[in-house]
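At position 447 of the sequence shown (counting the first as 1) the number is 447 in full-length UniProt numbering, and the numbers step up by one without a gap.
Do not take every clue at face value.
Unchecked claim - Here are the computed lysine to aspartate or glutamate pairs in the EDC-like style, where the Cα-Cα straight-line distance is at most 16 Å:
hint	residue 1	residue 2
1	K227	E180
2	K227	E204
3	K244	D268
4	K244	D264
5	K244	D855
6	K869	D855
7	K242	E275
8	K760	E638
9	K927	D24
10	K927	D102
11	K923	E774
12	K118	E177
13	K923	E775
14	K923	E94
15	K167	E608
16	K244	D311
17	K412	E527
18	K167	E232
Hints were generated in silico from the structure; no laboratory data involved. Just so you know, these numbers come straight off a predicted model, no measurement behind them.
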Amino acid sequence: PGSSRGTAPSAMASGCALCGDVLDPGRWLQFDPPCGHRYHFVCVRRLLPKRPGCQNGASAAAGTAPRLACEVCTGLALDEDDGLALAQRECSREILRVTTTDAEFWLSTELVLGRPVKRLTAVPRAVLYLRGLRCLDFSAHPIPRVPAEIASLGSLRRLVFVSLPLKELPPEIASLERLEQLFATGCQLRSLPGTISGMRNLWEFYIDGNQLQSLPDPLPVSMDSLKVSGNELTSLPELHGKIKNIRAYGNRLSAIPSSICRCDRLCDVLLQGNELRTLPEEFGQLRSMRTLLLHDNHLERLPDSLVNLVDLRWLYLYNNQLRELPQGFLSSTPFLERLLVESNPLTGAATVGLLGDLPRHIRICGVDASQVERYYSEVDGDPPALPSCVVSGWMLPWGRLYGKLTPASQLKRPSGVQALSGAQPVHGGDVLVVAFAASQGEPEWFGVLGQLLGEKGHPRISRGRVQDFADLHKEVWGTPPGEDGEEAVQRAVAAMWLEASSHEGESAKRPRLECPVDNRAGQPLAEFDVLSLCETNAQWYTDTPLRTLGVEAHLAEVARHYRRVMLIGTSMGGFAALSHSHLAHTVAVFGPQTDLTISHLRPGFSPEDLAGTTARMKFNVERALAAGTRIEYHVAMEDHLVYARSLALPPGGLIIHPIYGRIARVLERGGVLVPLIADLVAELQRQPSVAAGGGSNSTAASWPAPTASMEEPLGPYAWDWNSDAHQVLLGRWDHGPDSVLSFVRASGRQLLLLCSAPPKFNDWFCTHCWSHNEEQAASCRSCGTGCGGAAAVGPPWTMRAWRGRDRRQSGSDPRPCPKCGKEQPADAGACQHCHAQLLRHCPNCRSEQPEGRRDAVVDVWYCTGCWGKFDQHNEVLRKEIPAQWFVEGGQRWAWADDLGRSREKPGYIEFCRRGLLDSSWGKGAWKQEGQDMDVSFGSPPIWRRLRRTAKGFQCVSCSAPGGDRNAVDGASGWPLYGLPTSMGWFPLILERLSSLMPQLQLTSKRRQWCRLLPFLLMVLSAISYGLHRHRRRTDRVSVGG
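With the sequences and hints as input, model every part of the structure.
What follows is the structure, encoded as structure tokens:
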């Protein structure tokens, strides 16, 4: 909104009561209090108390009281508990944008504020008077009910209630006709209003972790994602053909409706952890199916039509009652990669059909030792060696809890090693690694742990020296870290990642730490056992009235047969590892939930049970620490860091990595996860025997002496945001072959600087100005320098290249055949000599796949699965992007003649979901303005208005902060993935006339008349056509008379 200077008093009635400009909730967020006055939210926000660390709001030292139209407006705006001042102070940074349309009350905003956010007990009243609000998000607040007045927010597109103690949703929620996404996970919902069936635009329904026993019938007509896992459902409603994803694991389903066979778009079906006994016979009609998880049920047979699922990739069938598999199933599913059939009483003929001739396209085939023994007994003579994709182990009889015990050498069997068979031995072994799976209900960690044993050891973790963050910052920049400001944040973040240490643009090597060399580096690990645990009900490995798992008793029985025990897990699995830490010598967790009362992902327990489960976990952690158990807690700078603060560990126990993302996944991509776990396992193998829960003396000595100078956490929190004492330990990824991880001490204030703008994996720092740029940026957002030779986030020897800058990623180099070793063309699907199948690396899913195609625009090869996900993403965008701007092949448009980009080498913009924009210059936003499109990107962000043309678009105006709206920068563009949508003959005439205007050199008045000429021609044509029709009708009447 512009200034109110020169605005007539009569305009104040229809415009903003502060600035007088027009009100348009479709463009700007609007505040409509019940008194009748109306305001731009931006105008009101300037009068609110300034939020610490931002420039928006009134200064507390100004001494001027806000001037609103009446006391009602002033009260709703300035109320610290129920007004807009609360939103200004507690919402995420999205509320500070000029064009904001989102109100997000997140607990993770603490990472930016440097203090815990206020826990809300009710929906703020002022929020209900915001018009134009598109996203309303309440996560982990103790709000017991949603008011019926929420129906007044008719512009909402996304409504999020995560981890709230809700018992029900108001029926008035169905009045939100534009609502597209509804999230209500981790609540205590027992029923849903039937009026939800009438929400015609609702396409994503996410209500995991509740206590629902039934769903509305019928489902909304636009729904394509049904996510209802971790409830108490006994049946599903009738399903319509638009549904693509069903996630209903961890319920009590005894059957699925036959209407599922009519969902021809269905791709992913997750039904594990139910009580299913049969599947519909027509289940094979779902030819688009890619993921089918049916484990932990009571299935006795599979329909023969399953052989028609030709696109199937994952099939989990373990822990059922299957005796046979469909005849010819393996040969009819050419893309099947993962097949798990453990704990099924397969007949001897079925095991021969399964293991006798496994197709090469199967990468993992999970079986148990008894099935392998049955296979050996059915084969005459000496049985042939099973392929290395077969992972065999002993299945422990623990009921509905998946427990597979296997030696680590079986996870990635080299040639000559037989698959495990026979009964489980009574004795144990040296080291046992217990891997807890996360809430997805799928076994994890086999791939990572299978890499630990090998001919060569892994780089070790450098624990020989811990550096102070202030010293590191001074070595990199020559000055101590700043207190506040964008430049201080940028320098602090860059200090943890820069390979060069000169801030003046000169190339200089990053300072290296002098760490003692470990002579054990490079030695392979000895054999150890792996116990994989997985529970499918998402009950956090605890006992409930419906299901008793008895995890603690089972683990205690197994652990007593081993000299050393290590527990690992991520997310829900990390919570389980901490809950049973008193049974282990070492615990390594990655981004776990440590407080279920505020966690964004949690089971549908009552508030008392959530608090009790959290208290038991913390009590067991205290027991383990008292007995000397080593706990290593790894977390990134995202919402899990808020949970980590609530668990006070000894110095060195908590390691914070200065990167954004799910930490286990990021560490694996960066090549840090495997060396980290290998280091912990190697340490256990060389330590003497100690009773479980008492590995203290040797483990304490493994930490370097400098961590002893770190201060112990005070009170219930691991650190204080306002403290200058060294209370946290940062993980710094090294760039050398001798070390992949070293450590840096930091204070709470220094940690707050790093949390303000953490980079993502593959982001990069400019070697000219050291600015932080996103992965997609082709040039620096500050100085425009290209990304060649930039310092990237992630170890360079394992990092995948970005955006086709690596020829290996684009697949243009010849590749050797893995069987015969001879060079093959890049596009060959099979070896021309031995005819072995050739796998190609997909840079998107980070896997080796046989089928796929090349993206001709960026010259990168992607697998068929990733292309399918791209097609789904494109279909979602079809609903959001205006029809004349939608391109069938993809939403990326070239951008030329702007920011130094020529038509020979243009940049790009790409329209993404929820009004987000991706570009060569970083992230941005887009919004529709009539037939035009407004886009914003760059630093500082500049809004540009784009108008469709016959060949693409043309920039008709742009506005920088404080600049002229009518300025034109001459940018133009065209779609890269297809032809633009036809505009019709009339817009083409307007475009041609507009292009001729500069050549005619007309005055402004004559130019306006020329713009009216097409309209006059259209009116004359319509009148002429009408007179012609009338004359013909008159002639017929006269002839008939």
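Checklist entry - Within a Cα-Cα threshold of 16 Å, do K923 and E94 meet the stated pairing? => result 14 Å, holds
Checklist entry - Given the hinted pair K244 and D855, is their alpha-carbon gap at most 16 Å? => result 25 Å, violated
Next on the checklist: Hint check: K923 vs E774, CA-CA at most 16 Å. Holds or violated?
Outcome noted: OK: K923 and E774 at ~8 Å, within 16 Å.
Checklist entry - Is it true that the CA of K227 sits at most 16 Å from the CA of E180? => result 14 Å, holds
Checklist entry - Does the structure keep K412 and E527 at a Cα separation of 16 Å or less? => result 12 Å, holds
Item to check | Given hint D264 paired with K244 - CA-CA distance at most 16 Å | outcome: With Cα atoms ~8 Å apart, K244 and D264 stay inside 16 Å; holds.
Next on the checklist: Just to be careful, I want the Cα atoms of K118 and E177 compared with a cutoff of 16 Å; is the pair within it?
Outcome noted: 31 Å, violated
Item to check | Pair hint K227 and E204, alpha-carbon separation not exceeding 16 Å | outcome: 8 Å, holds
Checklist entry - Between K927 and D24, is the straight-line Cα distance small enough, at 16 Å or below? => result 13 Å, holds
Checklist entry - K167 and E232: Cα distance at most 16 Å? => result 14 Å, holds
Checklist entry - Going straight from one Cα to the other, do K244 and D311 come out at no more than 16 Å? => result 14 Å, holds
Checklist entry - Is K760 close enough to E638, meaning Cα to Cα at most 16 Å? => result 11 Å, holds
Hint check: violations occur at hints 5, 7, 12; the rest are consistent with the structure.
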